[in-house]
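Q: Below, each chain spelled out in residue letters.
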Amino acid sequence: MAQAVNPDGLTVRRGSHRLTFLALAAVLVGLGLAALALGPVAISPDRVIATLFGAGDGVESAIILQIRLPRLLLGIAVGTALALAGASLQGVLRNPLADPGLIGVSAGATVGAVLVIVVGERFGAGLPDALRPWLLPGAAFLGAGVVIAFVFALARRGGETSVATLILAGVAVNTVAGAIVGVMVYISDDQQLRDLTFWTLGALSASSLQTTLIASAIALLTVPAFIRGTRALDLFQLGERAAFHSGLNVERAKVVVALATAVSVGAVTAAAGPIGFIGLVAPHLARMIVGPSHAFILPTAVMLGVALILAADLAVRLAVPPAEPPIGLATSIIGGPFFLWLLIRNRGRLHA
Amino acid sequence: MFNVVLQRLILASGLLAASLSGLAFAGSENGGDRIVVAGGDLTEIMFAIGHGDRVAGVDTTSTFPEATAELPQVGYMRRISAEGVLSLAPSLVLAAHDAGPENALDQLRSAGVPVAIAPAGEDPDAVIRKIEFVGEAVGAKAEADALVQSYSAELERVRAVVADLTATPKVLFILAWRDGAPLAAGSETSADAIIRAAAGQNVAEGFTGYKPLSQEALIALAPDVIVMMSQHAERAGGLDEILQRPEIARTPAGRNARLVDIDGVLLLGFGQRTPTAIAELAARLHEDDPAVGRF
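Chains E and Z, in that order, give the protein sequences. For the first sequence, my numbering assigns the number 1 to the initial residue and increments by one for each residue that follows. For the second sequence, my numbering assigns the number 1001 to the initial residue and increments by one for each residue that follows.
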């Protein structure tokens, strides 16, 4: 489609994008290695490599294989899921504010998790011990799914999904979710209050290995669904009607994005908590770097999202050892002002 | 100042030595000499049985004795970082019953660090179980038994005096003011437990946990005495300012200037200083009772 419009321009872009991709990939590899090599316990690089090949001693194996590697994996899954969901939602809704938070997915997951933290003991008492660790991530996942089903059902009328209603419904759901969390805060005891506060600030390290593996697998399995929608996302930029007339099954494209978002963001939020900001910023940064074509935006956003998460996780890990602040603090404190600075710097270009 | 630097240096060299020795966390019989404690009550007991020098790191709830301020902080006890703890090369982790997350404890165990979980309980008798637990875990049974002895004797003595107190004043514990509303301690709180131990009646026992009260509700409860943690009283503007708050001034406590502030860790920590906490609170709740002279 875009090729038909300006084949030469695209070739040039592709060439410069290749450099961008390579640079980002190099940054990612560096961050990934740093995520394995750096932490409060100093382990030399050669020991890290030896451990990865199964030659580490007990402590090194425990730290690298059971603490750092799962964190790296979850970080990749979180960055990927948030970036793809954010980029796709922004594309489908043609709204730069859209992110999984805006339409209430994160809020749904939060309600699920907070309910388990505060009243889970009362209702989950009959659960067998084997199921207990799954209660919180399960509820968070379910919460995200319920919210997105509700929001999309509400916005759908006469076979069409109204973007305006969708966003408004998301705002309303956020309010209701905030109220439910408020009720839970009110009836919680001190310890539950601290637990739920910490949960809402996110962490790559709080979930068990099984939860981490399953959440990451679910999130990464949705990647093809997002990637397959890139052409649809480009068409959406022309307006829904024009997209429809170009032969796109508009409704189907929306449902795919909604489902993929619910599943992937629900899964990573269940494991890592609601990590804000990445879903909004990674797609924006990607657009600033590679322009409007979603075939470039999505992979760039993924690399940026993962890079941001890994950098934030390294920051909290190394900030005040042996303690560790929540990762949500780092993504917002470092990311927020950085994004503002970028916006101000690029103000002229964005309006052009 | 120089002392602090020196201590840090010694600590650093200790850490270095530990990491040079290949981070061997061989859990020795007595818990070793690098014990990380997650739980203020357990830290207090470690120091009280004279084994404070074996504590290599503490959580943010461990603020007594003062020596804990010099120790590495592993964060809030329900949110400890496994690798952070491992970086202290611990020989043993002493954890409160609700310390966590469970995942971090599992990671510590799989790194070969023994993790000992303390018994639950926030009442004067639970302290005995905690002391015995610490003694067992760190191989200091004799010292722990001695502490249990003196603790029980002291508790016994304090309780005997409390039993002789004639009145049962109506007490309200205010944790802090949140958005203008006082957060009061209901039943099933450590504040409720210590108030009852000191022969007071918690006027807010109608609800559980810490809940915000409306100003009217506070006046209706009509407490004779209001108790606060000193740190929070200071943050709320000091005793005089609190007494002049409209909702406080209209209670019997406000009219008679009966606002008691006691160090929070002492009052609510339920460590081995609990008898002292009961005695101090009882003495100030019953200041006109001649029996308090015997504390």
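What the hints contain is simulated information worked out from the structure, not anything from laboratory work. Computed from a predicted model, the values in this text were never measured in an experiment. Cβ coordinates follow ideal geometry from the N, Cα and C atoms, glycine included. Mixed in with the good hints, there may be bad ones.
Now the in silico label distances, taken between C-beta atoms and shown as ranges [to be verified]:
1. 50(E) with 1109(Z): 55 to 61 Å
2. 1241(Z) with 189(E): 26 to 32 Å
3. 1050(Z) with 130(E): 40 to 46 Å
4. 1216(Z) with 189(E): 30 to 36 Å
5. 1234(Z) with 45(E): 46 to 52 Å
6. 19(E) with 1106(Z): 18 to 24 Å
7. 159(E) with 1060(Z): 51 to 57 Å
8. 55(E) with 1050(Z): 19 to 25 Å
No more than 20 Å apart at the CA atoms, straight line, and that leaves these computed lysine to any residue pairs for SDA-like [to be verified]:
9. 1211(Z) with 182(E)
10. 1211(Z) with 192(E)
11. 1211(Z) with 138(E)
12. 1211(Z) with 1181(Z)
Q: Note whether the CB distance of residue 1234(Z) and residue 45(E) lies within 46 to 52 Å or breaks it.
A: For residue 45(E) against residue 1234(Z), whose Cβ atoms are near 49 Å apart, the range 46 to 52 Å holds.
Q: Just to be sure I understand the hint, the distance between the Cβ atoms of residue 19(E) and residue 1106(Z) should be within 18 to 24 Å; is that true here?
A: 44 Å, violated
Q: Given the hint of 30 to 36 Å, is the C-beta distance from residue 1216(Z) to residue 189(E) inside that range or not?
A: About 24 Å separates the Cβ atoms of residue 1216(Z) and residue 189(E), which means 30 to 36 Å is violated.
Q: Measuring from beta carbon to beta carbon, are residue 159(E) and residue 1060(Z) in 51 to 57 Å?
A: 56 Å, holds
Q: Are the Cα positions of residue 1211(Z) and residue 182(E) separated by 20 Å at most?
A: 13 Å, holds
Q: If you check the beta carbons of residue 50(E) and residue 1109(Z), does the distance land in 55 to 61 Å?
A: The hint (55 to 61 Å, Cβ to Cβ) is violated, given that residue 50(E) and residue 1109(Z) are roughly 23 Å apart.
Q: Is the distance from the Cβ of residue 1050(Z) to the Cβ of residue 130(E) consistent with 40 to 46 Å?
A: Given a distance of about 43 Å, which is inside 40 to 46 Å, the answer is holds.
Q: Run the distance test for residue 1211(Z) versus residue 138(E): straight-line Cα separation, threshold 20 Å.
A: 29 Å, violated
Q: Using the beta carbons of residue 1241(Z) and residue 189(E), state whether their distance is inside 26 to 32 Å or not.
A: Taking Cβ atoms as reference, residue 1241(Z) and residue 189(E) lie about 28 Å apart, which means the hint holds.
Q: Are the Cα positions of residue 1211(Z) and residue 192(E) separated by 20 Å at most?
A: The hint holds at about 13 Å.
Q: Regarding the pair residue 1211(Z) and residue 1181(Z), is the alpha-carbon distance no greater than 20 Å?
A: 9 Å, holds
Q: Can you let me know if the beta-carbon spacing of residue 55(E) and residue 1050(Z) is within 19 to 25 Å?
A: 43 Å, violated
Hint check: violations occur at hints 1, 4, 6, 8, 11; the rest are consistent with the structure.
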